[in-house]
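Visitor: One letter stands for each residue in the lines below.
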Amino acid sequence: MPTEIIMPKVDMDMETGKIAAWHVQEGATVSKGDPIFDIETDKAAMEVEAPADGTLHHPVPEGADVAIGAPVGWLYAKGEAVGDPPAEKTPTPDVPAKAPDGEPETESPNARPAASGKETAADDDKPRATPKARKLARDAGIDLATLNGSGPHGRIQAADVAVLEDGPRHMLAPVGFKDEAGPLSVIRSKGGAGTPIVMIHGFANEAAAWSPIEAHLNERPLIRIELPCHGKSPRRRLTGFADLVSDIRRAFDDLDLQSAHLVGHSLGGAVALAIADTRASRVDSLTLIAPAGLGPDINGAVLDGIGRATRAESLGPWLRQLVADETVITDRYVRAAMMARRDPALRAAQRAMAETLFPDGTQSFDLRPALGRIAKPARIIWGKRDAIIDWRHALCAPGPVALHLFDGLGHLPHMEAPDAIGQCIAATL
Amino acid sequence: MNAQAGIEVREISYTQAIREAMDIALSEDERVILMGEDIGVYGGAFQVTGDLVDKYGTDRVMDTPISELGGAGVAVGAALTGLRPIFEFQFSDFATLAMEQIVNQAAKVRYMLGGAVSVPVVMRFPAGSGTGAAAQHSQSLEAWLGHVPGLKVVQPATPEDAKGLLLAALDDPDPVMIFEHKLLYKMKGQVPSGRYTTPIGKAMVRREGSHVTIVATAIMVHKALEAAKALEDDGIKAEVIDLRTIRPLDRDTVLESVRKTGRLLCVYEAVKTLGIGAEVSAMVAESDAFDFLDAPIVRLGGAESPIPYNPELEKAVVPQVPDIIEAARGLAKGRT
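Keeping their order, the protein sequence lines are chains L and P. When you line the first sequence up against the numbering used here, it's residues 1 to 429, in that order. When you line the second sequence up against the numbering used here, it's residues 1 to 336, in that order.
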């Protein structure tokens with residue numbers, strides 16, 4: 001019997017999911033854990049991994065909406081005969097939509113708001129913890145999801161549940177993370193021709209952040225590099241901005257490109273600028289969206305708030321600071337964003353990174369001299385209602401650098417106005 | 001230990017301790033008889049009975065024919081008539097031949113007759129590997145008998161316990177099976193003279209520690225103690241529990257230790273699967289001590305294999321000191 005690949009439920013309100021793209025073709029052999037397709041839920045995209053080893057057959061076409069729990073394809077084991085798609089099993093929703101009237105809602109998600117994020121997750125997303133750690137956390141009223149496990153596979157052990165003497169209210173778990181080796185995560189689009197576009201996302205974001213504008217750019221190959229401590233990249237303890245740049249420069253060098261168009265947002269913009277400065281011969285153009293590094297101040301409260309948030313309720317208000325039009329940040333978007341940030345080690349690593357790069361709400365690095373040296377076509381795109389980094393930092397740009405300043409957009413112009421920003425970039429490449 | 005006044009503690013071997021216990025029993029209680037193959041003039045396959053036949057005569061130290069089923073049957077019958085027989089198997093492996101008498105008769109008669117009689121028989125089983133005796137003479141089958149209600153099963157690990165548990169077994173109204181690891185026979189240890197008993201069903205903490213509990217049986221107790229010594233250099237304090245009795249299990253001692261250390265390693269020579277370690281692990285998992293576990297339970301047991309004749313392979317199929325050190329270290333450092 002082939003293994004069903006199921007449309008996963010990654011969001012509380014999700015009833016169907018859309019296959020954004022298959023990473024493998026029908027007939028390709030995959031190993032368990034390989035990313036095999038992307039799904040889109042509202043504004044967030046997510047990779048789904050193969051549930052087993054096997055050969056992919058009968059994949060649902062890209063773009064199709066599929067009910068949660070329904071198969072989107074089958075993995076056939078070696079030697080297994082491939083016939084018609086096997087009959088569908090009845091999907092079993094993991095959360096009943098509504099308890100029948102008159103029946104007590106004993107397991108209502110509302111009864112345990114702190115755990116609501118977890119209940120949407122598959123079994124293996126539950127925190128891995130020893131019985132002793134669970135007991136300590138339970139007794140102290142600590143949410144295991146806020147802890148970082150030092151054991152194998154991130155298992156939370158008793159030592160990870162630090163209990164301070166002044167009681168549960170003030171208990172802060174020693175959230176740590178392990179310094180990991182290995183190359184940064186690089187995600188390439190499938191199609192496109194010509195000089196590729198290398199994209200570097202901003203702090204507390206990941207490669208998927210580019211998806212809103214990709215439709216305008218995907219005539220060229222798109223290569224998205226994920227910052228260390230972000231997305232699928234390893235967690236690293238950075239010593240400073242130079243350390244971050246050398247990490248990403250290594251990833252850029254490993255791409256072995258003759259030339260590239262560099263696009264960076266926020267912190268990723270500062271990194272893109274630093275790379276353009278030191279790899280000028282291989283950078284054809286530079287696009288900086290609300291870049292860091294051009295002035296001293298940054299909104300530390302928002303960085304802190306995002307870093308601290310362990311649930312959608314605390315993440316949402318900070319995410320809404322990133323945009324001019326708060327309605328763009330829907331509850332569903334916030335939950336998907338929290339889902340992407342559910343790994344406590346990732347959050348710990350990002351907080352450490354913010355502490356290093358932006359101590360006391362200050363940008364610890366200055367790239368204005370680098371901007372002055374750029375000899376290739378360069379442009380800066382900024383929303384004039386940016387609450388994170390003041391758009392006026394753009395005014396330091398020397399004459400040859402083009403400024404595109406948008407009224408009514410915040411720190412995420414490419415998300416708030418993807419068409420305008422996408423066209424703006426595409427038109428000048 | 002429950003000893004009389006005026007005792008003297010000497011260093012004697014495990015074999016001597018057993019013989020001393022039998023000597024005391026024979027001299028104190030005329031109902032006690034010894035039975036077994038070659039235990040008379042020959043002194044026993046492992047020279048445990050030695051010259052007791054000279055002292056007590058062939059009426060009380062009886063050679064039995066080469067039929068374990070027959071010999072065990074006579075011993076069970078003798079116990080039913082009021083005697084206190086100690087029946088020696090040459091190798092515990094031969095218990096397979098006497099299963100009817102052990103499992104269906106000795107363990108059941110008291111129950112079948114509504115408690116009107118009991119079967120106060122003691123059986124001794126030289127067990128375990130390490131003597132180059134190959135697959136049919138090296139097994140550890142104690143868990144087989146530990147599975148049978150109506151029997152008590154003990155595994156003394158020291159000369160002192162070998163004597164104390166044998167005398168306790170003779171005091172017990174029901175059948176008691178004593179598994180003696182063959183490699184322990186020559187081991188020497190401090191043993192009090194005179195009569196004393198070691199309680200059946202009571203484990204012993206051989207070494208105290210706070211980081212990991214090692215529950216071991218028989219020869220593995222000594223390997224665990226050696227490992228614990230080495231672990232101390234790593235700053236790991238291992239608590240070593242000598243289970244001593246596998247039926248009935250001393251639940252309290254094990255659970256108390258696991259509540260303290262949060263980590264459990266079971267070490268036993270018998271084949272790992274369905275062995276005593278499985279029982280101890282399940283006992284902990286089912287108890288309130290579960291909440292104190294800070295790592296998965298680890299079992300080290302014999303390989304899924306007959307015991308090989310080749311001496312190197314023979315060592316390889318049962319847990320050795322380095323295996324215990326590695327497993328305990330992994331547990332204590334949170335790597336398992």
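Worth flagging that the hints you see were computed from the coordinates, not collected in a lab. Some clues are possibly wrong.
As the list claims (entries may be wrong) - Subject to a maximum C-alpha distance of 25 angstroms in a straight line, what follows is the list of computed DMTMM-like cross-link-like pairs (lysine to aspartate or glutamate):
hint: 1; chain 1: P; residue 1: LYS260; chain 2: L; residue 2: ASP139
hint: 2; chain 1: L; residue 1: LYS126; chain 2: P; residue 2: GLU286
hint: 3; chain 1: L; residue 1: LYS135; chain 2: P; residue 2: GLU279
hint: 4; chain 1: L; residue 1: LYS32; chain 2: L; residue 2: GLU47
hint: 5; chain 1: L; residue 1: LYS32; chain 2: L; residue 2: GLU62
Claimed, not checked - Here are the computed distance ranges between Cβ atoms for each label pair:
hint: 6; chain 1: P; residue 1: LYS202; chain 2: L; residue 2: ALA52; range: 45 to 55 angstroms
hint: 7; chain 1: L; residue 1: PRO51; chain 2: P; residue 2: ALA230; range: 25 to 35 angstroms
hint: 8; chain 1: L; residue 1: PRO51; chain 2: P; residue 2: ALA285; range: 22 to 32 angstroms
hint: 9; chain 1: L; residue 1: ASP53; chain 2: P; residue 2: ALA285; range: 48 to 58 angstroms
hint: 10; chain 1: P; residue 1: ASP291; chain 2: L; residue 2: CYS396; range: 35 to 45 angstroms
hint: 11; chain 1: P; residue 1: LEU97; chain 2: L; residue 2: PRO51; range: 44 to 54 angstroms
hint: 12; chain 1: L; residue 1: GLU355; chain 2: P; residue 2: GLY235; range: 31 to 41 angstroms
hint: 13; chain 1: L; residue 1: ASP53; chain 2: P; residue 2: LEU313; range: 29 to 39 angstroms
Just so we're clear, the structure is a prediction, and the values are computed from it rather than from any experiment. Quick reminder that beta carbons are idealized off the backbone N, C-alpha and C, glycines included.
Visitor: All the hints need checking, so say for each whether the structure fits it.
Guide: Comparing the hints with the structure gives:
1. LYS260(P) x ASP139(L): holds (18 angstroms)
2. LYS126(L) x GLU286(P): holds (22 angstroms)
3. LYS135(L) x GLU279(P): Holds, at roughly 24 angstroms.
4. LYS32(L) x GLU47(L): holds (14 angstroms)
5. LYS32(L) x GLU62(L): Within the cut-off at roughly 21 angstroms; holds.
6. LYS202(P) x ALA52(L): 45 to 55 angstroms: holds (50 angstroms)
7. PRO51(L) x ALA230(P): 25 to 35 angstroms: Taking Cβ atoms as reference, PRO51(L) and ALA230(P) lie about 43 angstroms apart, which means the hint is violated.
8. PRO51(L) x ALA285(P): 22 to 32 angstroms: Cβ of PRO51(L) to Cβ of ALA285(P): about 29 angstroms, so the range 22 to 32 angstroms holds.
9. ASP53(L) x ALA285(P): 48 to 58 angstroms: Roughly 31 angstroms apart at Cβ, these two residues miss the hinted range, so it is violated.
10. ASP291(P) x CYS396(L): 35 to 45 angstroms: violated (60 angstroms)
11. LEU97(P) x PRO51(L): 44 to 54 angstroms: holds (52 angstroms)
12. GLU355(L) x GLY235(P): 31 to 41 angstroms: holds (32 angstroms)
13. ASP53(L) x LEU313(P): 29 to 39 angstroms: holds (34 angstroms)
Comparing the model with each numbered hint stated earlier shows that hints 7, 9 and 10 do not hold.
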